[in-house]
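Asks: Residue numbers (my numbering), protein chains in the order written: chain C, 1 to 158; chain W, 1 to 300.
Certain hints may be false.
[Stated by the list, open to error] When the alpha-carbon atoms are kept at most 30 Å apart in a straight line, the in silico BS3-like pairs for lysine-lysine are as follows:
#1 Lys81(W) to Lys127(C)
#2 Lys159(W) to Lys127(C)
#3 Lys250(W) to Lys151(W)
#4 Lys253(W) to Lys143(W)
#5 Lys149(W) to Lys187(W)
#6 Lys250(W) to Lys146(W)
[Unchecked claim] Each pair of labels, with its calculated beta carbon distance range:
#7 Glu208(W) to Leu103(C): 42 to 52 Å
#8 Asp16(W) to Glu73(C): 33 to 43 Å
#9 Gln116(C) to Cys17(W): 33 to 43 Å
#10 Gly82(W) to Gly109(C): 21 to 31 Å
#11 Glu136(C) to Asn255(W): 38 to 48 Å
#12 Ser90(W) to Pro45(C): 35 to 45 Å
#13 Phe281(W) to Asp155(C): 42 to 52 Å
#14 Gln2(W) to Ser105(C): 18 to 28 Å
#15 Thr206(W) to Ser105(C): 31 to 41 Å
#16 Ser105(C) to Asp211(W): 34 to 44 Å
#17 Cys17(W) to Asn54(C): 53 to 63 Å
#18 Gln116(C) to Gly82(W): 13 to 23 Å
Think of the hints as simulated: they come from the structure by calculation, not from any bench.
The beta-carbon is built from N, C-alpha and C at its ideal position, and this holds for glycine as well.
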Amino acid sequence: MKPKPDEHSDRELRVKRITNGTVIDHITAGQALNVLRILGITDRPEDVVSVVMNVSDRKKDIVKIEGRELKPEEVDKIALISPDATINIIRDYEVVEKHRVILPSRIEGVVRCINQNCITNTDEPVKPRFVIRRGERVELHCVYCGRVIADRIADFLI
Amino acid sequence: MQHVITIQDFSRDEIDCILNRAAELEPVAHTGSSDALSGRILATLFYEPSTRTRLSFDVAMKRLGGDVIDLGAVETSSAVKGENLADTISVISGYADAIVLRHPKEGAARMASEFSSVPVINAGDGAGQHPTQTLLDLYTIRKEGKLNKAKIAFVGDLKYGRTVHSLAHALSLYDAEIYLVSPDQLKMSDLMKDALIESGTEIVETAELDDVIDVVDVLYMTRIQKERFPDPNEYQAVVGSYKITKETLKDVKDNLIIMHPLPRVNEIDPEVDASRHAMYFRQSFYGVPVRMAILSMVMG
Numbered sequence: 001m002k003p004k005p006d007e008h009s010d011r012e013l014r015v016k017r018i019t020n021g022t023v024i025d026h027i028t029a030g031q032a033l034n035v036l037r038i039l040g041i042t043d044r045p046e047d048v049v050s051v052v053m054n055v056s057d058r059k060k061d062i063v064k065i066e067g068r069e070l071k072p073e074e075v076d077k078i079a080l081i082s083p084d085a086t087i088n089i090i091r092d093y094e095v096v097e098k099h100r101v102i103l104p105s106r107i108e109g110v111v112r113c114i115n116q117n118c119i120t121n122t123d124e125p126v127k128p129r130f131v132i133r134r135g136e137r138v139e140l141h142c143v144y145c146g147r148v149i150a151d152r153i154a155d156f157l158i
Numbered sequence: 001m002q003h004v005i006t007i008q009d010f011s012r013d014e015i016d017c018i019l020n021r022a023a024e025l026e027p028v029a030h031t032g033s034s035d036a037l038s039g040r041i042l043a044t045l046f047y048e049p050s051t052r053t054r055l056s057f058d059v060a061m062k063r064l065g066g067d068v069i070d071l072g073a074v075e076t077s078s079a080v081k082g083e084n085l086a087d088t089i090s091v092i093s094g095y096a097d098a099i100v101l102r103h104p105k106e107g108a109a110r111m112a113s114e115f116s117s118v119p120v121i122n123a124g125d126g127a128g129q130h131p132t133q134t135l136l137d138l139y140t141i142r143k144e145g146k147l148n149k150a151k152i153a154f155v156g157d158l159k160y161g162r163t164v165h166s167l168a169h170a171l172s173l174y175d176a177e178i179y180l181v182s183p184d185q186l187k188m189s190d191l192m193k194d195a196l197i198e199s200g201t202e203i204v205e206t207a208e209l210d211d212v213i214d215v216v217d218v219l220y221m222t223r224i225q226k227e228r229f230p231d232p233n234e235y236q237a238v239v240g241s242y243k244i245t246k247e248t249l250k251d252v253k254d255n256l257i258i259m260h261p262l263p264r265v266n267e268i269d270p271e272v273d274a275s276r277h278a279m280y281f282r283q284s285f286y287g288v289p290v291r292m293a294i295l296s297m298v299m300g
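Chain C extracted, bound-state conformation (with noise of 0.2 Å):
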């Protein structure tokens, strides 16, 4: 019998669990489109991808990949939106790994600079490139201009 319209439990609306492939969870809530952004997901039809915002009480996003097992240095660079981001690996249903995101040293093609009059927001063909350092906050130093982000990172996403 087909349930109701009203019978369908919040469980049944949201994702269901993926068989074989990569969960992200504890992202920062809002933050999950970005994190496809970075991860390049968007750019590739063949993945499937379910995307959860503003679970459990609006605090987290949670994206999975089903049929794909992203390694540790393609997922790092989320870090820098999203810090306790977390990587989960899943085999027939299991979690077989999981870890936190590390915030990698360098970034190269993930943000742009700040600085407009930088020559990596030029014609030139060079990709803008990152040193990253963590003090109390995240800082971004850009290897060619010199010039810092440290805040609203989301913003200057390519």
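With the hints as your guide, set chain W onto chain C.
Replies: Then chain W, alone, in the frame of chain C:
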């Protein structure tokens, strides 16, 4: 291969080594000639106007027995056909043993160094870095005053002036006491000040030149640009309050030196030029031995 891109790439020992070499070469810079770089070719690429920097690199190379090729006016170069800097650098690095580059975009020299098969020397990239200016400033302070634990006042535009940022960083390696004298609109950024404080440098900030002029060993003047002020009257008031005249200098230390990266507009009254404190023209000359030292280092 050694590029010269920012002063931050150099340790105090490396800076000392360049300054020592410049001191050895100074007699040659005055009148002599040497064959140290005979048969070598320097390419100078200036995408922005320059007088002192371009000519002093030219002279430095020629005093060392080398040749110079020049991009010429940008309007007559391939840049007008739309060639990017990366391609220009790839081509020119096949013609020359080193490249001197001035470019309006910050980070241009760093990028050029990635495409060049010969050393790149940054001769100013936008509002960014101008390391050879910093080295000649350090040379002037060491030669005409004292470099270690110097008390230096930077006066004028401390927000946009690239010479101030680089020199302040370099002086932090020599335990300087730094006085920042500027109007509110042109104060040094907090980021820059924090970096200096973190490096252990003592900083005193004031808007009044009178507060510090009698206690410092070095007065480093900068040009205040009219376009930084929306109100022309405000500009006139600020410029007037930072002008150095004979009268301003009446109670200064005997050994005070006055420096300026030039060109000056009206920050220093011409009547000061004859004073024993005026060091800006000599400072400009010291660009030659310092650039000779740099050229011999990267091509030697």
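Asks: It remains to establish, for every hint, whether it holds in the given structure.
Replies: Cross-check of the supplied hints:
A C-alpha spacing of about 23 Å is found between Lys81(W) and Lys127(C), which places the hinted pair at or below 30 Å, so the restraint holds. About 28 Å separates the Cα atoms of Lys159(W) and Lys127(C), which keeps this hinted pair within 30 Å; it holds. The hinted pair formed by Lys250(W) and Lys151(W) meets the criterion: a straight-line CA distance of about 18 Å does not exceed 30 Å. Annotation: proposed proximity of Lys253(W) to Lys143(W) holds, straight-line Cα distance about 17 Å (limit 30 Å).
For the suggested pair Lys149(W) and Lys187(W), the alpha carbons sit about 23 Å apart, so the restraint of at most 30 Å is met. Between the alpha carbons of Lys250(W) and Lys146(W) the distance comes to roughly 21 Å, so the proposed pair stays at or under 30 Å and holds. For the pair Glu208(W) and Leu103(C), the beta carbons lie near 44 Å from each other, so the given range of 42 to 52 Å is met. For Asp16(W) and Glu73(C), the hinted distance range of 33 to 43 Å is satisfied, since their beta carbons lie about 40 Å from each other.
In this structure the supplied range 33 to 43 Å holds for Gln116(C) paired with Cys17(W), their Cβ-Cβ distance being about 37 Å. Distance hint check for Gly82(W) and Gly109(C): the Cβ-Cβ separation is about 24 Å, which falls inside the suggested range of 21 to 31 Å. Between Glu136(C) and Asn255(W) the beta carbon distance is about 42 Å. The supplied range of 38 to 48 Å therefore holds. Checked against the given bound of 35 to 45 Å, the beta carbons of Ser90(W) and Pro45(C), roughly 37 Å apart, stay inside it.
A C-beta distance of roughly 47 Å is found between Phe281(W) and Asp155(C), which places it inside the suggested range of 42 to 52 Å. For the hinted restraint 18 to 28 Å between Gln2(W) and Ser105(C), the CB-CB distance of approximately 24 Å keeps it satisfied. Checking the proposed 31 to 41 Å range against Thr206(W) and Ser105(C) shows it holds: the Cβ atoms sit about 39 Å from each other. With their beta carbons about 43 Å apart, Ser105(C) and Asp211(W) fall inside the hinted range of 34 to 44 Å.
At roughly 59 Å, the beta-carbon separation of Cys17(W) and Asn54(C) lies within the given 53 to 63 Å, and the hint holds. Between Gln116(C) and Gly82(W) the beta carbon distance is about 21 Å. The supplied range of 13 to 23 Å therefore holds.
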